[in-house]
Amino acid sequence: IVGPFPVYCGFPPPAILCLEFDVCQIFLNLSKMRIGSIFLAFVGPNVKMAEEYASPSSTASQEEEQLKNRNLIIYSMAEEYHTDALTKPPMTLSSFVNIKPSTGSVKKLVIRNFKDKPLMLENYTEETWQKLKEAVQAIQNNISVKYSLEELYQSVENLCSYDLSANLYKQLKQLCENHIKVQIHQFRDDSFLKEMDRCWQNYGRQMIMIRNIFLFLDRTYVFQISMLSSIWDMGLELFKSYIICDQKVQNRTIHGILLLIEKERNGEMVDRSLIQRLLTMLSDLQIYQESFENKFLEETSRFYASEGRKLVQKREVLEIKIVINLFMVHRLSKDIMIQLKQYMQNQDIPGNIDLTVNILTTSFWPAYVPKEIQLPPEMERLKENFKNFYLSKHSGRKLQWQSTLGHCVLRAEFKKGKKELQVSLFQTLVLLMFNEGDQFSLEEIKMTTGVEDRELRRTLQSLACGRARVLIKNPKGKDVESGDRFFCNEEFRHKLFKIKINQIQMKETVEEQTVTTERVFQDRQYQIDAAIVRIMKIRKTLSHNVLLAELYNQLKFTLKPSDLKKRIESLIDRDYMERDKANPNQYKYIA
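Take 1 as the starting number for the sequence shown in UniProt numbering and just add one per residue.
Careful: at least some of the hints might be erroneous.
[Claimed, not checked] Lysine to aspartate or glutamate pairs mimicking DMTMM-like chemistry, simulated, CA-CA at most 25 angstroms apart:
| # | residue 1 | residue 2 |
| --- | --- | --- |
| 1 | Lys556 | Glu290 |
| 2 | Lys341 | Glu290 |
| 3 | Lys581 | Glu511 |
| 4 | Lys341 | Glu384 |
| 5 | Lys181 | Asp354 |
| 6 | Lys371 | Asp354 |
| 7 | Lys181 | Asp197 |
| 8 | Lys478 | Glu452 |
| 9 | Lys537 | Asp284 |
| 10 | Lys500 | Glu420 |
| 11 | Lys446 | Asp484 |
| 12 | Lys446 | Glu518 |
| 13 | Lys419 | Glu384 |
None of these hints come from the bench; they were simulated from the model.
Keep in mind that this is a model prediction, so the values were computed, not measured.
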């Protein structure tokens, strides 16, 4: 039953009762039942049931007559009901009740929806909007709302059901607009950013509560009209128009955020969560890029350019010098290769291999364990030619070849076509052997290449067990075992012409992990030194615990307190800082 009208039905007590709100069907089993009456009162979604049994004075003849005829008597009345101020004159059920008696003992009652919408009371629209307006204003003023959320939600739904959605949306927008207009006058000079943050946070909470009340409007009328913004987006647009897009307010907000960032870079303690919330606000309002990002990048570039000049001039930290030397190494390698080609042309040295060598300065690159291998004769001659050329230009230097960093490009021809393989130096040594034979065992490959056993197994696994299987292993399997034999896969096919064959990652042992960790720390010690000097230069005097807290905050990798203590002691030994004579737990910066 749809509509706020009560319907009272009198009939014998039912054996089976089934209610549905779209189409309400009541199945009555009248057999073996005493004569009586039952009243059903439908008021909106509430259903009240009261059962009365016939009084002892009922005559037997009346019982027999009703059981014989099995007739259903239906009464309709409208008495003493309240329907949220919506009324309509009483009406009978004859217009929408269809009773079809059957031959059995079950009778079927079908109650259909109203065809006509109930009439609305006079002044209902004004009174309902006044109630909604009071609730919205209470939320905006941070006071309690005297109406329940269910009541307010139902009021919105009632207005929308009478085609008042457009006017309701317009009234709500105007109400929110009037409220946000006056908020711009609350910001004070001494705590501008905090007032801005407080205003934004409160406004967000208020709009969420308002949207919950008008959720039916938002999901029906507003959703169907593409030109309208959702209630939440409408609130953001109003805040953006009347608050943050005010040029004076926006300039002070951006300047204040940049000032906090500058203070933090200079070592001062600032409220990072405040900065994060304000930047989130700019992002939500979709003005982050146009109003903040470019200014932030300019200030950042200016800051680090200034810091870089100071560090280079005073030679306080090696970090900047490392970057410079890396660039010099790259440029030096490029120049050397040009000179090498000229040298080989002048010496008329034959060869069909193009060689490129990168010269790395030991102190500026991570340490690598050199591994001895056996190169093919042509590659060995090329290596010696470069060594003679380089030492003739730079006498007194020592060259150490890092075979683990080498890589090659091989041109291979299979039955299905030519391919270009991008492989490591170890993979190259293995593949070149198949120019001299059809098949080789693990032991034969190890003897010819000189690659150590564990590294060789990993290399063969990548060539015969990976995705690009240019070799065939016998017997088949994922791991390379002693006694395995390898054949060239002449049927190899791949959709790409250039194929990169990656090495299989090797699991480190506990000892290797320890060595790797120590090596990584050695590489990071310059960053730690730079951070310590930068902090001490700004703060001048710091306790040990405060210094550690600052370092943990600035450095993005995990560190042990013992490691930091070692770097602090190293800087003290090099006269970058000193301990306070009165308090050994206090450090002083030495200018």
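Tested hints:
no. : hint               : result
1   : Lys556 with Glu290 : violated (29 angstroms)
2   : Lys341 with Glu290 : violated (51 angstroms)
3   : Lys581 with Glu511 : violated (42 angstroms)
4   : Lys341 with Glu384 : holds (14 angstroms)
5   : Lys181 with Asp354 : violated (73 angstroms)
6   : Lys371 with Asp354 : holds (23 angstroms)
7   : Lys181 with Asp197 : holds (17 angstroms)
8   : Lys478 with Glu452 : holds (20 angstroms)
9   : Lys537 with Asp284 : violated (38 angstroms)
10  : Lys500 with Glu420 : holds (8 angstroms)
11  : Lys446 with Asp484 : holds (12 angstroms)
12  : Lys446 with Glu518 : violated (31 angstroms)
13  : Lys419 with Glu384 : violated (30 angstroms)
In the structure shown, a violation is registered for the earlier hints numbered 1, 2, 3, 5, 9, 12 and 13, in ascending order.
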